[in-house]
Amino acid sequence: MSAIPNGNSDAASNKATMLTATDLFCERDDRILFRYLNFELTEGKVLQVQGSNGSGKTTLLRILCGLNDGYEGDIRWYGEAIEEQVENFFSSLLYIGHRVGVNKVLTPLENLRWGCGLQQAVSDAEILEALVALGLRGFEESQCFTLSAGQQQRVSLARLLINPAKLWILDEPFTTLDSSGVAQLENLLRQHADAGGSVLVTTHHKLTVAELEILSLG
Amino acid sequence: MTTNRTTTASAFRATLKRDLLIAYKRKNDIVNPFMFFLIVATLFPIGISPDPERLATIAAGVLWISTLLAAMLSMDNLYRADFEDGSLEQLLLSPHPLYFMVLAKNIAHWLVSGLPVVLASPLIAYMLNLPADAYLALFLSLLLGTPVLSLLGSIGVALTVGLGSRGLILAVITLPMSVPVLIAGTMAVQQTLNGAPLLAYLAVLAAMLLASISLAPLASAAALRISIN
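Protein chains in written order, with my numbering: chain S, 1 to 218; chain W, 219 to 447.
Wrong hints could be hidden among the right ones.
Below are the DSBU-like pairs computed for lysine-lysine, each with C-alpha atoms no more than 35 Å apart in a straight line [unchecked claim]:
hint: 1; chain 1: W; residue 1: 243; chain 2: S; residue 2: 206
hint: 2; chain 1: S; residue 1: 206; chain 2: W; residue 2: 245
hint: 3; chain 1: S; residue 1: 104; chain 2: S; residue 2: 15
hint: 4; chain 1: W; residue 1: 245; chain 2: W; residue 2: 235
hint: 5; chain 1: S; residue 1: 104; chain 2: W; residue 2: 243
What follows is a list of derived Cβ distance ranges for each label pair [stated by the list, open to error]:
hint: 6; chain 1: W; residue 1: 245; chain 2: S; residue 2: 73; range: 45 to 51 Å
hint: 7; chain 1: S; residue 1: 150; chain 2: W; residue 2: 408; range: 58 to 64 Å
hint: 8; chain 1: S; residue 1: 123; chain 2: W; residue 2: 443; range: 46 to 52 Å
Think of the hints as simulated: they come from the structure by calculation, not from any bench.
All values derive from a computational prediction rather than experimental measurement.
Glycine included, every Cβ here is placed at the ideal spot set by N, Cα and C.
Take the sequences, apply the hints, and build the full model.
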């Protein structure tokens, strides 16, 4: 239920605070998931949300994305209330949830054409390049129900390579990945943070990223 | 970073194209409601009477009821797969107005489920011995009415997509909204047969269509936000 504040390096590196949450409170089925939850996410940081099963990690991420409005408290995007700049926020956000957003009858290519096309103009060449980078060479034209869970996860992770969103919100992105996939995703997180982007991620996996902050729930 | 952001128009096209592609790859979803329409419409003459005179009087109603039932059967596919695989969340998180995204999905749905029924209706009308003067009225009333059914049905589906077992609840929500369309549609055909000008009833249906195009996707969008919550 407590956040670890880590604001002292901000002045030195001159990084802006992307996301600020103040006094978040969420109750579900008469059970308090969290209260007085405060944290901020600065550019170039990876914030790992930890907590036992059912402690509200997914709920917190969905609240921050605007998918869940059953909360009290204040969420700000670059210092301004998030409701007032939904469009800005959504165009800087890339969310990958438990359900990865990959349609089973479409091919990876078709899925990404739509998934990325919602946010930005994207060419087939870029998509193919990203799919190859994630080890899906040869599967570009297979329908997704023929792929394994890990491969489907990789299809949705390909969006990380294509979409230039500043803020990544990833819910358990490591679960179905094999060890090389885990290493690759950690690498992506590192590169994203180095480039000034931020990541909010839930995982039980031990992350080896330099700019890591940890938020513990429950 | 935002320089190559897509316009709402291209996101609309992308969504429309995606849904048509999915429909093309899941042919069952298209064929089932259409076959259902044919079966229901052909059962009436068997169950009531093969007498051409009697069939002629009920033809318009039979066609409209079959259309309504087929539309309800097809509705279930509209958001369910997207809800289950997480695509719906992505749609909600797009920077574009959800209204247009929902509208794109509704249009795609109508193109694959409503339009085939409209196109096949003259054939069934012939089988049911619909008087020749009423063909145009029937065809146009279905052409204006079926999109309304899709748009209204979408609200009900959006409201119930998060529920585990839906059963009849979808019908309970959508039927009351669909009945005015059914009345206007059958009246258009009946009254033209009685010599009334066709344009008056079509205008009513057209008004319903315009109202539902402008309002129903808003309601669907709000309902989707609640369902995903």
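Hints versus structure:
| no. | hint | in the structure |
| --- | --- | --- |
| 1 | 243/W x 206/S | violated (41 Å) |
| 2 | 206/S x 245/W | violated (45 Å) |
| 3 | 104/S x 15/S | violated (40 Å) |
| 4 | 245/W x 235/W | holds (15 Å) |
| 5 | 104/S x 243/W | holds (10 Å) |
| 6 | 245/W x 73/S: 45 to 51 Å | holds (48 Å) |
| 7 | 150/S x 408/W: 58 to 64 Å | holds (60 Å) |
| 8 | 123/S x 443/W: 46 to 52 Å | violated (32 Å) |
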